[in-house]
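Put chain B on the given structure of chain A with help from the hints.
Each chain, letter by letter, is given below.
2 protein chains.
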Amino acid sequence: MDLSELENLFGDRLVTSESVRSQHSHDESWHVPENLPDAVVFPETSNEVSRIISFASKNNIPVIPYGTGTALEGHVHAVNGGITIDSRNMNKVIQVNMEDMDCRVQAGVTREELNSFLRDTGLFFPVDPGANASIGGMCSTGASGTNTVKYGTIREQVIGLEVIMPDGKIIQTGSRARKSSAGYDLTHLMLGSEGTLGFISEISLRLHGRPEAISAGVCSFSELDGAVNTVIEAIQIGLPLSRIELLDELQIKAINQYKKTSHEEKPTLFIEIHGTPLGVREQIEKFEEIAKENSLINFNWSDQQEEIDKLWSARHSALYAALSLAPGKKSFTTDICVPISSLTECILETKKDLESSTIIAPIVGHVGDGNFHLILLLDPENEDEVNEAKDINDRLVTRALKMGGTCTGEHGIGLGKKEHLRKEKGISVDVMAQIKKALDPNNIMNPGKIF
Amino acid sequence: MDLSELENLFGDRLVTSESVRSQHSHDESWHVPENLPDAVVFPETSNEVSRIISFASKNNIPVIPYGTGTALEGHVHAVNGGITIDSRNMNKVIQVNMEDMDCRVQAGVTREELNSFLRDTGLFFPVDPGANASIGGMCSTGASGTNTVKYGTIREQVIGLEVIMPDGKIIQTGSRARKSSAGYDLTHLMLGSEGTLGFISEISLRLHGRPEAISAGVCSFSELDGAVNTVIEAIQIGLPLSRIELLDELQIKAINQYKKTSHEEKPTLFIEIHGTPLGVREQIEKFEEIAKENSLINFNWSDQQEEIDKLWSARHSALYAALSLAPGKKSFTTDICVPISSLTECILETKKDLESSTIIAPIVGHVGDGNFHLILLLDPENEDEVNEAKDINDRLVTRALKMGGTCTGEHGIGLGKKEHLRKEKGISVDVMAQIKKALDPNNIMNPGKIF
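First to last, the protein sequences are chains A and B.
Under the working numbering, the letters of the first sequence match residues 3 to 453, in that order.
Under the working numbering, the letters of the second sequence match residues 3 to 453, in that order.
Bound-form chain A, shown alone (with noise of 0.2 Å):
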């Protein structure tokens, strides 16, 4: 691959040591790259990406978008080599406009980037997969995270973006006003689209006002299904939490360890509640009535800020903390998100399927979405231990389908996927491929992933 073009434009921003091409050709899955990228190259602007896409259009060559590399669908993975386009150096935050809520980044900021830059504005960006992941990236795969109860996913905070298209074209999406009817919604297009449509390289985001009050809180109970069926009714009968996330006795343990904490080894809630400081220890102590008609054992509240960040650190620690229950092991984290009325036989039946596996198994979820994970602990390289992880993901799907859910809430298609997805969607998974076709006809953007 004559890459001499880009090198005279790039000079050492375009790297091709094995160890860095090494570095971007995985992800934090247990997907095993087959292949390194050609070339990585490390773009500060959008028109030097437009210059590395148009050429790799004119060159038929692949174009693999990398933020952090924190995906868990092997979505950064160079299946047929060609060229990685990581976004770390464009990391500007270009413009705040509080007055109305909302900013414009570049796609490598990260989420704790923008939210150590809006420390001093009353503003904040709530989206928080546990990885700190860039915004670019968190556009690409759909992220959302803890506090998607309340604030919704990241599909919800996005108002327009910056695309390099397949042919090496800018074009911008959306607008600043809170709504708009003026054509196709390109915008919810792009996100969520894995890379596969285009290279989003700046993205306007709403923001949101810190709230008056914070209380957050560490819920045990006896029994899994106590937890879950204590989400259920809060949320029927219109609690607003901001975050409520389940933990079981596996995952709790694992944080223990990991985090040197010393939560009860059961299965937990982690919530939040945030409102005016009246309206909070109103909704706590409804909460708390919940719990305890659900095998509720203990609850510890608190308002002091550092305690609720250590509190929330671990909860985002669940996948390093998981791992650490097994040295060496990758972890292969299913995905599925159904209608809250189905959890927790969702939930249940999927416990009962785990009984007679082997693997290692610790279950997070965002349960206030409906959508948990399954962290299944496994060596890549053992084929029975990934075909049996294969297994039990099928079978979660299928049960999850069979109940309105999907496939995915938040992790994307990616290589692991693509036939949950073709079960999911029929054949408007079609639909999807004639999009992909008629914007990128050679495949040259992410090729491999989704389809």
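Any given hint could be a false lead.
Pairs involving identical chains hold if they fit within one copy or between any two copies, as the list cannot separate such chains.
[Stated by the list, open to error] Heads up, simulated DSSO-like pairs for lysine-lysine below, C-alpha to C-alpha not over 30 Å straight-line:
| hint | residue 1 | residue 2 |
| --- | --- | --- |
| 1 | LYS152 | LYS171 |
| 2 | LYS404 | LYS94 |
| 3 | LYS60 | LYS439 |
| 4 | LYS171 | LYS425 |
| 5 | LYS94 | LYS425 |
| 6 | LYS425 | LYS438 |
| 7 | LYS60 | LYS438 |
| 8 | LYS392 | LYS312 |
Rather than coming from a laboratory, the hints here were simulated on the basis of the structure.
Showing chain B alone in chain A's frame:
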């Protein structure tokens, strides 16, 4: 055009009488139909729609989806003739899931029919454009209404669609899960596509719990900018308004005449707040404080549902009331939307621009969203009036785009805003056209709209 195959299938549900074709040749706007559809068909099921579109596809005949004919940009005009599919008999509420607060409806169900159906459930559907539009039609134009500031537009309510594609195939999009990252977001691609990509036949919607307490009120101001600034300040301090609508003195005069009411003929806000009884009272007091510093004259509140219903019925009659100011004229309705911080400037500049015009032009708007309408009353046969209205709108759109806004907040592009779409979106319109061509290569679905 030989329609015998369809006549055999639909019998007297396929109509070719001139009166019915003429009724279906136009919407509620000033756009003069230059053509009639060749036939109007009244299917009852998705399969029947699929049969019609398959037939049209084979014979290269235009297909025009038709809801209640209440669009405002010529969306249902049969510019090249063809078959208009009227969804009025697709009026079943298929399913209501109380526990998950969602439902599934056929496209022809109107917003009022759905809310009547839900009357005893404690749930409601919040999107309320002026007309009693069909849910399918609302999906097609990306409709919103007075509740958007709290509940969002139709785009935030739809969790899944059934769409009959231009080749007659029936696809399902979305799921009943609260979030999903399963492939491209075809749901949002279809929402706002104005019938140009397919016929939306069924819709899964989120529903909302009826609030514990509702108060609504009328506030009149001596100055227009006092009314607008009140809205902006209330939103910026985070007052949880559910509805906040502006009507200028002329629009109030029209409503007084049309609905026999006696509101003070001054710039006026209609507002509504939802919450707990105590919370609502607290918010009203805060709102009044802000209004008093912004030229408030009068402030009348009610928590009586009958009074509240009367208020919103007056608001929803705005277009018809305006039309009654100049009998025989039609409305050319503008629809820009800007970031809230630019709203006062945009409205004041627009008012100033109108001073030199002879066209009667009441102002009404969803100011909480940054969206307002001029209802320009004109005789569509009077070229001077039409040109003057177009010039006013051109200048208004230019003003809005400079402020980071959009040419259409909720009405769509249709026939009337194609040039504005290009001005706003630039080459991203080419990307939209690529998608249109890929999915509807023979351009049979609602030709002449958007592009």
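Against the structure, the hints:
no. : hint            : verdict
1   : LYS152 / LYS171 : neither (36 Å within a copy, 37 Å between copies)
2   : LYS404 / LYS94  : between (44 Å within a copy, 23 Å between copies)
3   : LYS60 / LYS439  : both (17 Å within a copy, 23 Å between copies)
4   : LYS171 / LYS425 : between (34 Å within a copy, 17 Å between copies)
5   : LYS94 / LYS425  : between (40 Å within a copy, 28 Å between copies)
6   : LYS425 / LYS438 : both (19 Å within a copy, 26 Å between copies)
7   : LYS60 / LYS438  : both (18 Å within a copy, 25 Å between copies)
8   : LYS392 / LYS312 : neither (34 Å within a copy, 59 Å between copies)
Consistency note: the structure conflicts with the earlier hints numbered 1 and 8.
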